[in-house]
Structure formats: C-alpha cells, structure tokens
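If you count the sequence shown from 1, position 85 lands on 85 in the UniProt record's numbering, and the numbers rise without skipping.
These aren't lab readings, by the way, just hints derived from the structure by calculation.
As the structure is a computational prediction, the values presented were derived from the model and not from experiment.
Treat the hints with caution; some may be incorrect.
[As the list claims (entries may be wrong)] Only pairs whose alpha carbons sit at most 30 Å apart, straight line, appear in this in silico DSSO-like list of lysine-lysine:
#1 Lys-43 - Lys-95
#2 Lys-250 - Lys-240
#3 Lys-129 - Lys-43
#4 Lys-99 - Lys-68
#5 Lys-112 - Lys-178
#6 Lys-129 - Lys-117
#7 Lys-315 - Lys-302
#8 Lys-99 - Lys-129
#9 Lys-112 - Lys-129
#10 Lys-178 - Lys-277
#11 Lys-178 - Lys-99
#12 Lys-99 - Lys-117
#13 Lys-277 - Lys-122
#14 Lys-115 - Lys-99
#15 Lys-240 - Lys-87
#16 Lys-45 - Lys-117
#17 Lys-45 - Lys-95
#18 Lys-178 - Lys-122
#19 Lys-122 - Lys-87
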Amino acid sequence: MIIAEIILLAIIVFYLIYILLWLLLDCNVRLWWNTYFGSSIAKLKGQVVWITGASSGIGRSLAVQLAKHGVKLVLSARREELLEAVKEECLQVSKDEIKENDILVLPMDILKVEKQKEHFDKVLQHFGKLDVLVNNAGRSQRAHWEDIAIEVDRDLFELDVFATIHLSRLVVRYFLDKTNGQGHIACTSSVAGIAIVPFSASYCAAKHALNAFFRSLALEHQSLGVTIFNPGPVSTDFLKEAFTALPEEKFGREINERYRMTAERCGYLYATALANKLQMSWCGRFPVNLMCYVTRYAMLTKLMNCFITPQRMQKVRDGEA
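Generate the whole structure from the sequences, applying the supplied hints.
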C-alpha cells in the first residue's frame, strides 16, 4: 500500500512540475532540455546548411547562430543585397570559423518552382554536397474568415506549402540517392500549425498542411532527420508582408515587440533543434508555450476557449499581451 502511495505521489509531483514548466518556459520541454543537456550546435560544424528566407527575421538569426559554430551556409531569398549583408554579418560573428567561400549567396524566388532544380545544382556545384535544408520562406496573414478571397487561399498555399514541398522533394530524392537517406530536412512552421488561431484561416490551414507533409515524410523515411520548428510571436517584420483577405494586399503593420521573443533567441532555439534533430519543437513567450500544450487536449482546448476570446488571442499573436 505504501509503495502504491509513493508511486501515486511521484506521478502527481511529476505532472505538477511539468505543468509549471509549461508556464515558465519559452519553448517546449524537450527543446529546453536539449539546450542544456543535448548536443551542442557545434555538432553541425562543417556541414552545409541551405536556408531559404534567409535575408531577414528568423532565417537571418538562424544563419548567424550557425555561422558562430562553423557551419557552411547557402543563403537564399529574393533580395540579393540583403543576403550579402547577412553573409557579412555571419563572417564577422564566425571569428574565422568559416571563410568567405563557405557562404554561398543564392538569390531565389521560391515560387518559381521550375527554377528550383537549377538552384539546387548550384549548391552542389559550389559545395559538392548538402547536409541540411531549412525551409524558412513564407508569409503570415491577418483577415476575417468570411472576407478571404479564394485567390488569397491559393496564393498563400503556393508560397507556404507547395513551393516548399517541391523544393524539399528535390532534396529528399538527392538524400535517398546519394547519401543513403542520411540528410536532414527542416521547415519553419508556426504555433498556428499546432493550435488554431483566429483571423488567419488560410495561414492556419497552410501550416497544418505543412506539418502534416513533413510528419508524413518522417514516418516514411525514418533514416532522414526531419525537424518541424513552430515559432510563436517573434520580433521580426513578418506582419509587414503578411497576406490579408484581398489579393495583392499586404498587412503592412509594425509589430509591438514588448511581448515578443527576440529573433536571436528564436534562432538559437532553432539551431539547437537542428543539432539535436528534434522532430517537433515550438517556442514563444508566455502564454504561447502553455497554449501549445493545452491544444493537444480537446477538453482543455474547449475550456481555454471559454476564458480566452478570439480578440485576446489575437493580441497574444501580435505581441500585445
């Protein structure tokens, strides 16, 4: 009887500690654990990592974190001048861990899928290999569900899902044919791909689709490393470029940085997830972490929705609460 009581007490204490961590941490528990007790980012030293959407925000911060640890980089986005600035920053922080030829600036419009193989060939010509692809290109959205034009749904899926999957399939085939399936594919998803958030229906659907695509990949090819990284509100210019309800329109709003995670912290956590090949991770300041855990349980989700209005949840997303 005493043994049963001890076991029950241990279980209660375990879950109380776990719930406390939900409240206190800025990322999921496993990712937090690996920042202290897992593999160092330096494990990736000498590997070639291709980052799309690398000109700013999370992509830029991830590149800088990797450069500090001697990782060779391919930087892709549409704006070459911004990529060159990121390259210069990476060289400065690397402290001679990498040289100029260890960073390839590769301008690319990811929506031009017919050009993706040509760009991939340039990566292989320059480095002779690719170890990790980080799919970071994408745009967010702010719009009411009933107002969204079908063209916006299609445009958002083309960018956030289909273009990303097309490039990933090219790289996965390379890994399976040339490296015996030992490569690593990552994607920048969103907490909107774990939870359902208001006023971003197309974006939520796209991120859930993206997560499903890559979870399917991880299941089918278990020798591959697959990392799905889901950031919450981060201090970037993401909202300026966000879709709205109308085609060709951008949200164009400045962010409120008060309650947002810094891009530097996000980049560090992302690099840690890559070094440890964590399949599913997320990050964000309170209450984002708690919300990600709660939404895994239908009953808790319903309870949360009784207390948190869509307007309040939107303030959390926009870093205003």
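Hint by hint, here is what the structure shows:
no.	hint	result
1	Lys-43 - Lys-95	holds (17 Å)
2	Lys-250 - Lys-240	holds (7 Å)
3	Lys-129 - Lys-43	holds (17 Å)
4	Lys-99 - Lys-68	holds (12 Å)
5	Lys-112 - Lys-178	holds (25 Å)
6	Lys-129 - Lys-117	holds (14 Å)
7	Lys-315 - Lys-302	holds (19 Å)
8	Lys-99 - Lys-129	holds (17 Å)
9	Lys-112 - Lys-129	holds (23 Å)
10	Lys-178 - Lys-277	holds (20 Å)
11	Lys-178 - Lys-99	holds (26 Å)
12	Lys-99 - Lys-117	holds (26 Å)
13	Lys-277 - Lys-122	holds (26 Å)
14	Lys-115 - Lys-99	holds (28 Å)
15	Lys-240 - Lys-87	holds (23 Å)
16	Lys-45 - Lys-117	holds (26 Å)
17	Lys-45 - Lys-95	holds (13 Å)
18	Lys-178 - Lys-122	holds (16 Å)
19	Lys-122 - Lys-87	holds (17 Å)
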